[in-house]
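K.L.:
Below are the chains, spelled out letter by letter.
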Amino acid sequence: MRAAIVLFPGVNRERDAARALRIATGREPEIVWHSEARLPTGIDLVVLPGGFSYGDYLRCGAIAARSPVMDAVRAHAGRGGRVLAICNGFQVACEAGLLPGVLMRNADLHFVCRMQHLRVERTDTPFTTAYDRGQIVQFCVAHGEGNYTADEATIERLEGEGRVALRYCGAEGDPGSGVNPNGSRNHIAGIYSEALNVLGLMPHPENAVDPLTGGTDGLGMFRSLAA
Amino acid sequence: MHARITVTLKAGILDPQGKAIEGALHALGFSAIDSVRQGKMFDVVIATGDRRHAERQLRAACEKLLANLVVEDYAIEILGDIT
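Protein chains in written order, with my numbering: chain A, 666 to 892; chain B, 592 to 674.
Next up, chain A with everything else stripped away, as it sits in the complex (with noise of 0.2 Å):
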């Protein structure tokens, strides 16, 4: 599997995903700068890294959404090419049109940082194969606006299709108010493209990838991508 990491000004996790990515693959990443009209050939997964692209300046993902890489990255997901889209990346992708719906302040005004637990909602997409269905996995999070929301037709539609990918829960997998981090819509983490090939979520899969360091859960998805 041969990745590509986007690279925009003001991101802060590229080499977190790098390291993922070698973890999982056992092979290097192309690094792709944001002012590049296409991605390298043969790229199987982009992923959108998390940070503070632009200084978060108008909304949070809304300037690097417009960068001329991302015409290639939306012809990439066109063509159902993989995308991975973590936290500030899940606003990209979202401002972008590759993902439905906007990320708003979390409910509570607070930049959230701590362990977070979810529930994998499915097993069958290319992100999520290494994991079992309504496994309890526990990932960092760390955001101020990722507070996930849609028109209730949107809403309705990822839960009828079956695209909402990770939800927030407690230790016990229990869904909940006192457990969602942020005050999303149906405490939804993570959510799918129509076509299952683009995944945004608030989550840092990429921070769980060394036992010293948060645990090895988001290994899965990097392995799942990969195999």
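A portion of the hints provided could be inaccurate.
[To be verified] Residues from chain A shown here face chain B by an in silico Cβ test under 8 Å; the list is partial: (1) Asp721; (2) Arg724; (3) Ala727; (4) Arg731; (5) Gly766; (6) Met769; (7) Arg770; (8) Ala772; (9) Val777; (10) Met780; (11) Ala815.
[Unchecked claim] Stretch-level coverage of chain B by chain A, calculated; a stretch enters the list once three of its residues show a Cβ under 8 Å from a Cβ in chain A: (12) 612–625; (13) 646–660.
I should point out that these hints are in silico values taken from the structure, not numbers from a laboratory. Cβ coordinates follow ideal geometry from the N, Cα and C atoms, glycine included.
Fit chain B to the supplied structure of chain A, relying on the hints for placement.
P.N.:
Just chain B now, kept in the frame of chain A:
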């Protein structure tokens, strides 16, 4: 030509920042203030003398970048020539 663009959250979209500001105003004694919604304002200078052309361009700018139409509305006000 000088224009002012206002971007506001659509009705019904939760605005936690507006709520926090509203709470702070209540704490300062502004008890008659019922509700606060926060938005954004852009002052734009556009190089055209044609009002309709300016409006068309600014509408496109709002829809492509300045507003996220999932949750935001925009209003364009042409303020006239730059003096």
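K.L.:
Hints first: check each against the structure and report whether it holds.
P.N.:
Results for each hint:
1. Against a cut-off of 8 Å between C-beta atoms, the interface hint on aspartate 721 of chain A is violated, since the closest Cβ of chain B lies about 13 Å away.
2. About 6 Å separates the beta-carbon of arginine 724 of chain A from the nearest beta-carbon of chain B, less than 8 Å, and the hint is met.
3. Here the hint on alanine 727 of chain A is kept, as its CB sits about 7 Å from the closest CB of chain B, short of 8 Å.
4. A distance limit of 8 Å between C-beta atoms decides the matter here; for arginine 731 of chain A the minimum to chain B is near 6 Å, and the interface restraint holds.
5. A hinted interface residue such as glycine 766 of chain A counts as satisfied when its beta carbon comes closer than 8 Å to some beta carbon of chain B; here the least separation is about 7 Å, so the hint holds.
6. With a least beta-carbon distance of about 7 Å to chain B, the hint placing methionine 769 of chain A at the interface is held under the 8 Å criterion.
7. Interface hint status for arginine 770 of chain A: upheld, as the beta-carbon distance to the closest one in chain B is roughly 5 Å, under 8 Å.
8. The interface hint given for alanine 772 of chain A holds, since its Cβ lies 6 Å from the closest Cβ of chain B, which is under the 8 Å cut-off.
9. This hint is violated: valine 777 of chain A has a C-beta 13 Å from the nearest C-beta of chain B, more than the 8 Å allowed.
10. A least Cβ separation of about 24 Å between methionine 780 of chain A and chain B goes past the 8 Å threshold, and the interface hint is therefore violated.
11. Hint on alanine 815 of chain A holds. Least Cβ distance to chain B is approximately 7 Å, under the 8 Å limit.
12. Only residues whose beta carbon comes within less than 8 Å of a beta carbon in chain A count, and the segment 612–625 of chain B has 0; fewer than three means the coverage is violated.
13. Residue count for the segment 646–660 of chain B with a Cβ under 8 Å from a Cβ of chain A: 4. That meets the three needed, and the coverage hint holds.
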